[in-house]
Each structure stands twice: as C-alpha cells, then as structure tokens.
Amino acid sequence: MTPKNTICLWFDKEAHEAARFYAATFPDSKVTAVHEAPGDYPSGKKGDVLTVEFTVVGIPCLGLNGGPAIKHNEAFSFQIATDNQEETDRYWNAIVGNGGKESECGWCKDRWGLSWQITPRALTDALAAGGSEATRAFNAMMTMSKIDVAAIEAARRG
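Under UniProt numbering, the final residue of the sequence shown carries the number 158; numbering is consecutive throughout.
Keep in mind that the hints were calculated from the coordinates and are not lab data. Among these hints, one or two may not hold up.
Using C-beta positions, here's what the derived DEER-type ranges look like [what the hints assert, rightly or not]:
no., residue 1, residue 2, range
1, D125, K46, 48 to 58 Å
2, E104, H35, 33 to 43 Å
3, R157, A81, 13 to 23 Å
4, N98, P68, 12 to 22 Å
5, A154, D48, 48 to 58 Å
All residues carry an ideal CB built from backbone N, CA and C; glycine is no exception.
Generate coordinates for the entire structure from the input sequences, incorporating the hints supplied.
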C-alpha cells in the first residue's frame with residue numbers, strides 16, 4: 001500500500017546509495033523499491049535509477065535522481081531522537097565518518113548534503129522543562145557540535 005504522504009528527496013545520481021546507507025544505519029529503515037527510468041531524461045538515460053523508495057526510522061521517503069540542479073540545505077532535516085550518549089555517538093559517527101560534515105548544536109550533514117539533527121532526549125527534555133533548567137541546557141548546547149549528554153544533564157542540574 002502506498003503511503004498517503006511521502007517525503008521526496010532530490011539527489012544528483014546517488015539516491016540508491018544514500019537509501020542503502022540510511023537503511024544500514026538507522027533502525028526501522030529499509031529500501032523497498034528501485035525504479036529505472038523508462039526513457040532518457042535531462043540528467044540521465046533510459047535504465048538509470050530514477051527513483052528509490054525507502055524508509056528512514058519508519059518514515060516513507062522517495063529518492064529522486066533529478067540531477068545536480070537542486071541541492072539539499074538546512075531547510076529540511078531528519079531529527080533523530082537518541083536515548084543515550086552511545087546511540088548519539090553511533091549515529092553521529094556513522095554520518096560524519098561516511099564523508100559527512102559536523103555542524104553545530106547536534107546538526108551534521110551526510111555526504112549527500114542532507115542535514116541531520118542527532119538529538120538526545122536529555123536535551124529535548126531539558127528544553128521542555130523551561131525556566132532556568134532550559135536556559136542552562138540551551139546555553140551548554142550552543143557550545144557543542146555533537147551533543148554531550150553528560151554536559152547537558154550537568155547544565156540542567158546547575
């Protein structure tokens with residue numbers, strides 16, 4: 001059954017490679033279908049992979065190999081909630097260590113330019129608490145690239 005809503009992500013020519021990486025990295029993620037172009041198109045030829053259906057942590061996605069004209073940017077990101085530092089490190093290191101780039105405040109980009117927020121629940125819980133706890137956690141987060149759970153928890157406690 002086709003989902004009612006699917007996120008479409010534009011890639012140059014590596015949608016299948018990206019989808020396989022996401023499926024291997026995140027739970028409840030898989031490549032479900034690969035479709036070849038039935039004819040030539042502006043950035044490809046008949047028989048090239050045109051679209052890839054996949055899920056990322058249960059979210060249905062479609063990778064479109066549309067060519068180099070459109071680039072990913074921070075206007076769209078996947079936010080992955082993590083339960084502890086080990087899980088945070090695993091996802092962060094998988095993305096950054098596979099040709100990605102670190103950014104700030106828990107953000108990083110994969111090698112295809114797609115943005116990810118690797119966000120420990122300790123951070124979202126601290127921010128949701130409001131007041132001085134949230135302020136201290138927020139100020140600590142603003143100094144980080146990858147989120148340090150112990151530092152967030154210490155800041156929250158004051």
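Query raised in the report: At the C-beta level, are A154 and D48 separated by a distance inside 48 to 58 Å?
Result: Because 51 Å falls inside the window, the suggested range holds.
Query raised in the report: CB of E104 to CB of H35, is that within 33 to 43 Å?
Result: holds (37 Å)
**Report entry** Status of the given 12 to 22 Å range, CB of P68 versus CB of N98
**Finding:** Given a distance of about 21 Å, which is inside 12 to 22 Å, the answer is holds.
Query raised in the report: Honestly, do R157 and A81 meet the 13 to 23 Å range at C-beta?
Result: holds (21 Å)
Requested in this report: Given the range 48 to 58 Å, decide if the beta-carbon distance of D125 to K46 lies inside it.
Outcome: Check passed, 51 Å falls within 48 to 58 Å.
Going down the numbered hints, you'll see the structure goes against none, and every one checks out.
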